[in-house]
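So the chains spell out like this:
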Amino acid sequence: MKSFILALLFLGAMNAFSAEGLKIGDDAKDFSLKNIDGAMISLANYSNDNGLVVIFTCNHCPFSKAYEDRIIDLHKKYAGKGFPVLAINPNDPVTVPEDSFDKMIERSKEKGFPFRYVIDETQSIAKQYGATRTPHVYLLKKHADNTFKIAYIGAIDDNHSDASSVKETYLSNAIESLIAQKTPTPETTKAIGCSIKWKK
Amino acid sequence: MLLLSSVTAFSQVKTVKLEALTSLLHNDADSVYVINFWATWCKPCIEELPYFEEATSAFSQKNVRVILVSLDSPAELDRVLLPFVKKKELKSEILLLDEHNPNEWIDKIEPEWTGSLPATIILRNRIKKRMFFEKQLEKEELFTTIQSMME
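Note that the protein sequences, when read in sequence, are chains A and B.
Its first residue numbered 100, the first sequence is counted upward by one per residue in our numbering.
Its first residue numbered 30, the second sequence is counted upward by one per residue in our numbering.
The following block holds chain B by itself, in its conformation from the complex (with noise of 0.2 Å):
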């Protein structure tokens, strides 16, 4: 999968419901997930997007999954998220949740989270590792979040 998606010229959507968030946050996995929730029109997000595209390369030897989870609205995949993915040629694993009443899922993918973005989740479940932040990431920040994460 990582060496398929490392041939293509960029990354391709998959459209998903909560559950296959929560499984991804709840399984026994030993990998380091990097989850981060993002939007093509939030500012912010669009700013530490580089970092996690560093961080697919930079760990993509290592035991570590960098998944991008885009809010845009599902009705606009084709006119908005996909020439975005497009034209940065975004290499990272990118899924698009497709729920409506947010009121109703943000709490089971983070309690804390108050539903701003950007928010990122870094986990590793076999350690029982888990950080969450609800703010824009700088590059120092993330990748020694991750690294923390593989010791």
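Pulled out of the complex, with its shape left as it was, chain A reads as follows (with noise of 0.2 Å):
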């Protein structure tokens, strides 16, 4: 009974995302992001397309860093077939300089981003979406309705340090199903990331 209230006491204390934000079949929430470019994006953006791969990341983790040749690649690859990237950065600039929205411009031009890189200014989409670390994928399928609906949540791949060591390419694998009609498997997963410098 102690030790039942003393994990009440924590409850509150821990992180507050972990049992929240979208789950697998739920609508994805709709926002308005500004992209590098000055644009407000939102799902109506792509209401052409067949989904939507939203990667909350950023320019200063190691683990964002490691992937960022990874994510050009699978834009590249599906943006094509209905299924482009859009990556959200969620990062408090006043935490992490290196994410502000300048730097981000500067990243994209550096890197050739092919995909929209929009700022998550008051951190809402990530708390809503339930994102927790950089990069965290939340892989969108359009319905027939034209709603979006949460499809895939987790990792990119299983290993971040070398992407020619990869044996499972958990993203790749998940919007393959999508476009063959199919449910991904495994719908979810975990990686480690940097944790997101939410606003103090």
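Don't read these hints as lab results, they were simulated from the structure.
Any given hint could be a false lead.
Stated by the list, open to error - With a straight-line cut-off of 30 Å between C-alpha atoms, the simulated DSS-like cross-links for lysine-lysine are:
#1 A:K164 to B:K43
#2 A:K210 to B:K72
#3 B:K137 to B:K43
#4 A:K175 to A:K202
#5 A:K164 to B:K46
#6 A:K164 to B:K117
#7 B:K72 to A:K133
#8 A:K164 to A:K128
#9 A:K226 to B:K168
#10 A:K226 to B:K137
#11 B:K168 to A:K298
#12 B:K43 to B:K115
With the hints as a guide, bring both chains together as one complex.
Structure (structure tokens):
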């Protein structure tokens, strides 16, 4: 009983988002986020696509950096098949200056990002989706009624440090499943990443 | 063992597989285990590291074991982790987890863990107390939790 009370006491202190956020099959929350070219981007921008690969990521995190080239490749491979990438930076630039909007523009130019890279200034989209780390993937599938639903959540693959040693390409497998009108397996995976830097 | 580590200038790093951690997590010891998952590249981890170091010395005479589990790349042990440990003169016990696919091992450590760093488990198995934090800890929260576990 004592440990139960203790657990209750600390429940509020623990990560507030781990048990919340969107689940598989949920409607994807719409958003209006500023792209590096200044345009406001929402799900309506993807009404002609079959889905959307939402990746919460950022400039500074070593895991995000390790995946930059792989994310570029994913977009090049799947945008034409109706599954473009949308990169969302959720980090507080006060905590991490390298993740400011200006630095996002710089990084995008340096790497030649072919996908949109938007900023979640209020962090409300990251919170609503339940993102906790970078990179953190939410694969959206567009249904016949034009709603976007969550089809896969988690990792890009099983090896952040070495792209050539990847055995499980979780995200591209999930996209391929959707293209083939199948359910991704697995629908959720986990990965190590940088914590999202929430505003204090 | 405690005595040995207290006379050396900084801790050694032991490379381990997942089983070494899961046996710690599920042993029947009466000790309070403070298991902190961190990496040299993780800024909030580095910010909270001094509190874990303080806990190591503050509770050195008590039945408390502070273990820092590094998720740095094992390939970079000599180039990155060891120089960091030496520079910071870390005294806590340090393990380097040598596992590949996090999707296969994160849930075996803690199902609630989504995978962000830092993360900390504080447990005392003998009385079945276990707390999990997926966030940067402040000193007060860390110390209060350890003390509450000792009661």
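>> Tell me the hint numbers this structure goes against, listed in increasing order.
In response: Structure breaks no hint.
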